[in-house]
Amino acid sequence: MRNAVAGAALAVFAGSARAADVAAAASDPVAATPREMFLGAGIGAMITCAVTSFFLAGRVTERTHVALAMLVVLIGGSCLFVIFGLVGREIPIAGFLVVLGLIGLFKLMNQFEIRRSRVPRANKTSEE
Amino acid sequence: MLFLLWSPYHYSGQTIGLTMVYARRAGFSIGRRERMALSAFVFSAFVCGVIRFQRGGLTDFYGMSIPTFPLPDWMDAAAQAVMWTGALVFAALAVVWCLGQRRLIPPIVLLPALTHFIWFVPGASLKSFWVVIPFFHSLQYLLIALVMQLKVRIDVVGGEHSWRRLGAEARRWGSRNTLGGMLLFIGLPAAFSWLPLPLMTTAGILAAAVNIHHFFVDGVIWKLRDTATSSALMMNIADLAGPAFVDPARPRAVEA
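Here the protein sequences come in this chain order: A and B.
The first sequence begins at 0 in numbering that gives the first Met the number 0 and counts up by one.
The second sequence begins at 0 in numbering that gives the first Met the number 0 and counts up by one.
Keep in mind that the hints were calculated from the coordinates and are not lab data.
Any given hint might turn out to be false.
[Unchecked claim] Partial list, computed: chain A residues near chain B (C-beta under 8 Å):
| id | residue |
| --- | --- |
| 1 | LEU85 |
| 2 | PRO91 |
| 3 | ILE92 |
| 4 | GLY94 |
| 5 | VAL98 |
| 6 | LEU101 |
| 7 | PHE105 |
| 8 | MET108 |
| 9 | ASN109 |
| 10 | PHE111 |
[What the hints assert, rightly or not] Chain A side only, calculated, beta carbon under 7 Å to chain B, not exhaustive:
| id | residue |
| --- | --- |
| 11 | PHE80 |
| 12 | GLY87 |
| 13 | ARG88 |
[What the hints assert, rightly or not] The calculated label-pair distances, taken between Cβ atoms and stated as ranges, are:
| id | chain 1 | residue 1 | chain 2 | residue 2 | range |
| --- | --- | --- | --- | --- | --- |
| 14 | A | ILE42 | B | LEU142 | 40 to 50 Å |
| 15 | B | CYS97 | A | GLY100 | 32 to 42 Å |
| 16 | A | GLU35 | B | PRO121 | 35 to 45 Å |
| 17 | A | ARG62 | B | ARG23 | 21 to 31 Å |
| 18 | B | LEU142 | A | GLU35 | 37 to 47 Å |
| 19 | B | SER38 | A | GLU35 | 37 to 47 Å |
| 20 | A | PHE53 | B | LEU103 | 55 to 65 Å |
| 21 | B | MET234 | A | THR63 | 28 to 38 Å |
| 22 | B | ALA237 | A | PRO91 | 50 to 60 Å |
| 23 | B | ARG163 | A | GLU61 | 38 to 48 Å |
| 24 | B | CYS97 | A | VAL86 | 39 to 49 Å |
| 25 | B | PRO121 | A | ILE46 | 41 to 51 Å |
| 26 | B | PRO106 | A | VAL72 | 32 to 42 Å |
| 27 | B | LEU138 | A | PRO91 | 28 to 38 Å |
Bear in mind the structure is a predicted one, so any value in this text is a computation, not a measurement.
Cβ coordinates follow ideal geometry from the N, Cα and C atoms, glycine included.
Using the sequences and the hints given, assemble the complete structure.
Listed below in structure tokens is the structure:
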């Protein structure tokens, strides 16, 4: 279990190649690889965020719901990066698309908890 | 690897923020055109940097070998083209401003962008990139955070406005930061030493996690549209030490 935790952490921060080394050291041959563990943990975290948002509906501010949604995007983006981060080695243009996707993700995360206008665009137009 | 890409992106945002602060202090108006040109320059320099430090093969981060991030060959030329176009447009707008105002733009306005260029274009090939660049980024950040902290503390009702008090507050803040840093970057990895990983690797993972958290916090705190933040960054430290300092943008806090 400790090896699996360490492998999952490495999968995030040091790349899947190093995580695979740790996976090889795991004694149980039927255990999930660290990459699979990471993806499983990511899916679990996304479900937790969504369920939290669902149960908190009407009890917390819209800002909290937006923050939870952003967290889901970050976790999902990280999972996709673990799967497709190195695909540029095979398809060079995919590397460019991954960079574009990452810049979009960083830009979106930069908007975390920013107060937004509460008036929807349609209402604004009708008010004008 | 995600952290190693997010980190320079974050530095780019800080460069733009600092330029905006210095420009506002200098009376140099940064409108939509100026901001677009500056962003094109700064973010393309970031892309150039990413391409260059990927060329060196595996990146060593806290003893971990991070695989290179493959990018197509044409991206370097494209990023350079956008970067130089942004630089030329921004320079042209600055020259127009200088002619209109009949005075030179204060060099400090251009310093963050120039520094950013040196870090990410010639500096990206350095082996010490991941030590030197975060060090200077932190130095920039600490000076601004110090001014903000002094402003918050000096705003307390009945507080003494003097250099002596500023010095004491700065020392207190500095010692807390040093102690907190030691706990966070040495103590915390030691607390996780039970993991079957080298201590250096644990330290690297925790450093990345702390930094990613700081990227979020920065986005929330440093908003120049917020009057309280911008007013603190528009003043001089001597104003804080002066006796008649009044900030209309923020209600006076009461010391507990």
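Tested hints:
no.	hint	verdict
1	LEU85	holds (6 Å)
2	PRO91	holds (4 Å)
3	ILE92	holds (6 Å)
4	GLY94	holds (4 Å)
5	VAL98	holds (7 Å)
6	LEU101	holds (6 Å)
7	PHE105	holds (5 Å)
8	MET108	holds (7 Å)
9	ASN109	holds (5 Å)
10	PHE111	holds (5 Å)
11	PHE80	holds (6 Å)
12	GLY87	holds (3 Å)
13	ARG88	holds (5 Å)
14	ILE42/A / LEU142/B: 40 to 50 Å	holds (42 Å)
15	CYS97/B / GLY100/A: 32 to 42 Å	holds (40 Å)
16	GLU35/A / PRO121/B: 35 to 45 Å	holds (42 Å)
17	ARG62/A / ARG23/B: 21 to 31 Å	holds (28 Å)
18	LEU142/B / GLU35/A: 37 to 47 Å	holds (45 Å)
19	SER38/B / GLU35/A: 37 to 47 Å	holds (39 Å)
20	PHE53/A / LEU103/B: 55 to 65 Å	holds (58 Å)
21	MET234/B / THR63/A: 28 to 38 Å	holds (34 Å)
22	ALA237/B / PRO91/A: 50 to 60 Å	holds (55 Å)
23	ARG163/B / GLU61/A: 38 to 48 Å	holds (46 Å)
24	CYS97/B / VAL86/A: 39 to 49 Å	holds (48 Å)
25	PRO121/B / ILE46/A: 41 to 51 Å	holds (46 Å)
26	PRO106/B / VAL72/A: 32 to 42 Å	holds (40 Å)
27	LEU138/B / PRO91/A: 28 to 38 Å	holds (37 Å)
Consistency with the previously given hints is maintained throughout, with no hint failing.
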